[in-house]
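Peer 1: Quick note on our numbering: the sequence shown kicks off at 931 and runs consecutively.
No lab work stands behind these hints, which were simulated from the structure alone. Computed from a predicted model, the values in this text were never measured in an experiment. Any given hint might turn out to be false.
Only pairs whose alpha carbons sit at most 35 Å apart, straight line, appear in this in silico DSBU-like list of lysine-lysine [unchecked claim]:
id, residue 1, residue 2
1, Lys-1572, Lys-1487
2, Lys-1367, Lys-1467
3, Lys-1196, Lys-1164
4, Lys-1331, Lys-1452
5, Lys-1589, Lys-1572
6, Lys-1164, Lys-1234
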Amino acid sequence: MRVKRYAGDANNPDKKSGASELLTLDELEPLWEGGKKLWARAPEDRRIFTCTDRLIEFNTPNAAVLQPYLALGTGSDYSALGVTPEDRTSNLIAYIRGAADQAPLFTGNPVLRKRDVTIDGETHPWLLGDIVHSTPVVISKPVEQYGLLYDDASYREFYDAYRQRETVVYVGANDGMLHAFSAGRYDAAEQRFTPGVTVGIGEELWAYIPQCVLPHLKWLAMPSYNHLSYVDLKPKVVDARIFNADAVHPNGWGTILICGMNMGGKPVTVANDAFPGGSRTFSSSYVVLDITDPARPPVLLWEKSFEGLGFTTSTPCVIKVHDAWLCVLSSGPTDYDGTSTNPGRIYIVDLRTGALQASEAFPGWFQTLQQNAWMNAPIALDKGLNYSVDAVYAGASYPDKDGRWRGAIYKLTIPITNGTYTEGGKAAYERNPARWKWSVLFDAPAPLAAPFSLSVDSSDTVWIYAGSGRYMAFTDKDSKNLAANQGNYLYGIKDPFYNPASPKKAACFHVYANDLENLSCKLTDTDLFYADPYRIKVGGAVEVLSGGDATIVTFDKLTAAVQAKDGWYRTLAATSPSARALQKPALVGGVVFFPAFAPAADVCSASGSSSLYGLYYVTGTAFSREVLDSRTSNPGAYVNEKSDYGSGLTAGVSIYAGKQDGATAFLQKSTGEIITVNIIPPHRVKSGAVYWKERR
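Take these sequences, add in the hints, and give me the full structure.
Peer 2: Following this line, the structure appears as structure tokens:
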């Protein structure tokens, strides 16, 4: 891979000055490189933690406590790690911590996988594992805006206390650890980063090995090791008021990190007398850490798995109902091919303790009608911005009897205690999850694996934006596989509960559905507007293609036609294999962006091509002028609604709105290329004066 390096213009750093240089990645000089810093670090200087029945350091003094969890046995299967269980345990701990090949720390002449790398004549083991799906998260000041959104004075005090907090990069890796790297503390006066309290810039502050992957660590040291997932999900960081007020937690506020394993931590049953009943099963889990103060080690709040949880593939969401802070978790697949042997489930747990919110009448979770389903990441809605969540939405994916993948949108409603919907500060919500409402909102003819996005339009109607498709195993792209060739869709769906213009208004508008038995509010694609046959021209004229309504000749008429339905849908290219939406949609100023990906037909290739749809959020078509690429403003020209970006799989869309007009969308491809798209959205993305009048 090569990159172009150029000098910035003296007057505008966003513009280049002079000719560019073509360089390889090795020729670039990063500000710091965490992997290289870790490579040079002495193993004894690292702080690595894990959990047995409590948080402990992962080191040789704790070898006796750790031994049952490492599942090294007494037979010949793991003899490469040492002769006795004690030797195997101490050798594995030393190896994971970073002991060099043939280091005197090893006992019994173990035969271990080589990791040595020589840089500038110096040789050490390379310790940082591959980072695949665990996108790094950078945290400095508190991450929420509750002081602005809800005028919460207690949060403002917390925010002010930590606004100059040391910057830390959190990332999971397939070396079995969640890593925390210090990026230093920003000095505004000097306009540069200075070292933090405990380590230098780019150095590892600490690492945490989830308990669920402890029995899997041995594979990393085996000479025959190929590759496994360990801590492979992007961490989620939130602020929450769940602590006792103290010097670290002003007014009880703190910063919390939540991390799943993605496809790491497949169930392993370990036989050992140290466990009650003589054995214990370790399964993919969620880890929750208190990371409020980077100057101190992490505080483990909980690490848990639950019945039927499967792989922890989805990012949880945190909700507040009255003064209760809860974590909503989704069940994942149970096998590496993305299939499940369980119903899809949504779990409600206490954020502080991880306790499942179960009662005599409620198991602590809600589950799908389908018996072989798994869920995408849940997303929460605070409709009235009254500091209490109204609903949670999540998508299910499951195969039908013919092997074709299908999907459904499920809605979890937190009702008002008196049964009458009230919006705003006067609303009093039902605190007991056993009384919440669980219903099917939409049946989809394709799987819904990617997370959803939410929006509220000018009519105060709530929209759910979703794309269909999956890409979890090679069978998902095999052109001979039915599921790989089924069509996929882009959706903009109105929640009938918040839609006063819905054809289902009488049964659904502000009516709390009675769980899964009341299907009168369930939508299908027949309730939606089919937006494919409409091409928009600059100025608002509409060209109607085959299958469309010939009377819809203006953009206003198109908008009115969609408003009479419960949303819209589009079809993705029916290639072989088919195109699919694998990332969360992004919204800005009335445009909803859907990244799409079409895998290559060669089943042995992991490549494919990416594109980006930029659709008006109300109609599912292009807007009446260019917004995605300002290529033309000529009346009568077609407005662009899709751009193709060639080979590579794009990650989700990131939106930036700065001082300039409009906004900018960024997409990074699996090839390393970063795509920049300038946007002039239909609606304002920043606050400002609408008009002014000067009096004299």
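Peer 1: Would you list, in rising numerical order, the hints stated earlier that this structure does not obey?
Peer 2: Number 2 - this is the single hint that the structure violates.
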